[in-house]
Amino acid sequence: MGVDILIVDDEVEFAEAFAERLRLRGFTAHTANSGEEALRIVDEGSAKIMVLDLKMPGMDGLEVLRRVKKTHPEVQVIILSGHGSEMDEAYGRSIGAFAYMRKPADIGDILEAVKKAEKLLTNLAS
Amino acid sequence: MDADKKEILPEIEVKANELAFFGKIAAGVTHELKNVLAIIKESNGLMADLLGMLKETPFVYREKFLRSIGRIEEQVRRGTEITSRFNGFAHGVDHPLASVDLNVIVAQTILLAARFARLQNVELKGAVCDRPVMLIVNPFRVQMALTMAIEVFTACMSGGGSLLLQVREDLDPPGLDFYFDGEFGEKVIKEAVTEFSEWREFEELASMQDMRYEWLAPGGGFSLFFARTLSPKQTPS
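Protein chains in written order, with my numbering: chain A, 1 to 126; chain B, 1001 to 1237.
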């Protein structure tokens, strides 16, 4: 099975449809519908790559990113947001986001970012 | 609070607050719409993936499904473009004065005003520059003035045709040329100025934003010129 990817989005239907598409392509995909749930899954070791929405009730995506980078810096985070400005993108990258994409994004573009993240993980591991 | 000590906000401040409120709600709605489009896109994509996996399995309605999937994808793309442009428009009220690219304003205006033009059987087109053409203006008011001009002109294009807005970075100050294809420009402009009260509003708005205009001759056309910055006499609200 492919690398563990965690999709973090409070839109349940989006997270599940996207996860299903990733599974069809050989990835192990999990979903989390809140920042708190995402951090719990990361702590369990079930995520190497995270696809993260920014605007969520409770803990927002930037706070999730900050905490993940603090406790699990090896996890690569791809921000996928419907909101984003260039300033948001610059800030996200400055606190450790691997990539920043705007919703709705083509799955091909997301997979390209995932492949690059996988390559980085492999290099970090070796 | 004592009623006679209560401060009454000047009308202009109330209107500014109303506009800021509208912009805030509009920006929130476009964010929600993008989420909806993302769900439709992924669900549609999942159907395409599953159909793709069953390529060898005979399925009578395969072509119809693929056509519908293609149409959904195209409409999601169209919806994304519209919501992105509208989001940009909604954020235009965030700052009374901002540094903006005229190309972006024109692209946004054309997308959002295309429907008004279509209702008059006029195709709205834009020609932008490769490089940014930066202005310091109130982006919302500039867009409002452009949309007003478009509405009035298209209403005067009784034969239909197309209206092209071309960004001119080669001019100093930079400008926007309007070309009327399918109609004699002089006729359109004469009718716009004499028949439509909205033209007066356009003139007022244009003046507030330090925009001046000229008729293009011969053949008729229209040019709008933008000051790079507002002149000192103009005060942003």
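Simulated from the structure, these hints should not be mistaken for lab results. Among the clues, some could well be false.
[Unchecked claim] Within a straight-line C-alpha distance of at most 20 Å, the following computed EDC-like cross-link-like pairs (lysine to aspartate or glutamate) qualify: (1) Lys48/A to Glu112/A; (2) Lys55/A to Glu1032/B; (3) Lys1055/B to Glu112/A; (4) Lys1125/B to Glu1151/B; (5) Lys116/A to Asp4/A; (6) Lys1024/B to Asp88/A; (7) Lys1024/B to Glu112/A; (8) Lys1187/B to Asp1210/B; (9) Lys1015/B to Glu1204/B; (10) Lys1190/B to Glu1203/B; (11) Lys1190/B to Asp1177/B; (12) Lys1125/B to Glu1081/B.
Verification of the supplied hints:
no., hint, result
1, Lys48/A to Glu112/A, "16 Å, holds"
2, Lys55/A to Glu1032/B, "10 Å, holds"
3, Lys1055/B to Glu112/A, "25 Å, violated"
4, Lys1125/B to Glu1151/B, "14 Å, holds"
5, Lys116/A to Asp4/A, "14 Å, holds"
6, Lys1024/B to Asp88/A, "18 Å, holds"
7, Lys1024/B to Glu112/A, "34 Å, violated"
8, Lys1187/B to Asp1210/B, "26 Å, violated"
9, Lys1015/B to Glu1204/B, "17 Å, holds"
10, Lys1190/B to Glu1203/B, "14 Å, holds"
11, Lys1190/B to Asp1177/B, "17 Å, holds"
12, Lys1125/B to Glu1081/B, "16 Å, holds"
Violation of the numbered hints given earlier is confined to hints 3, 7 and 8; the remaining hints are satisfied by the structure.
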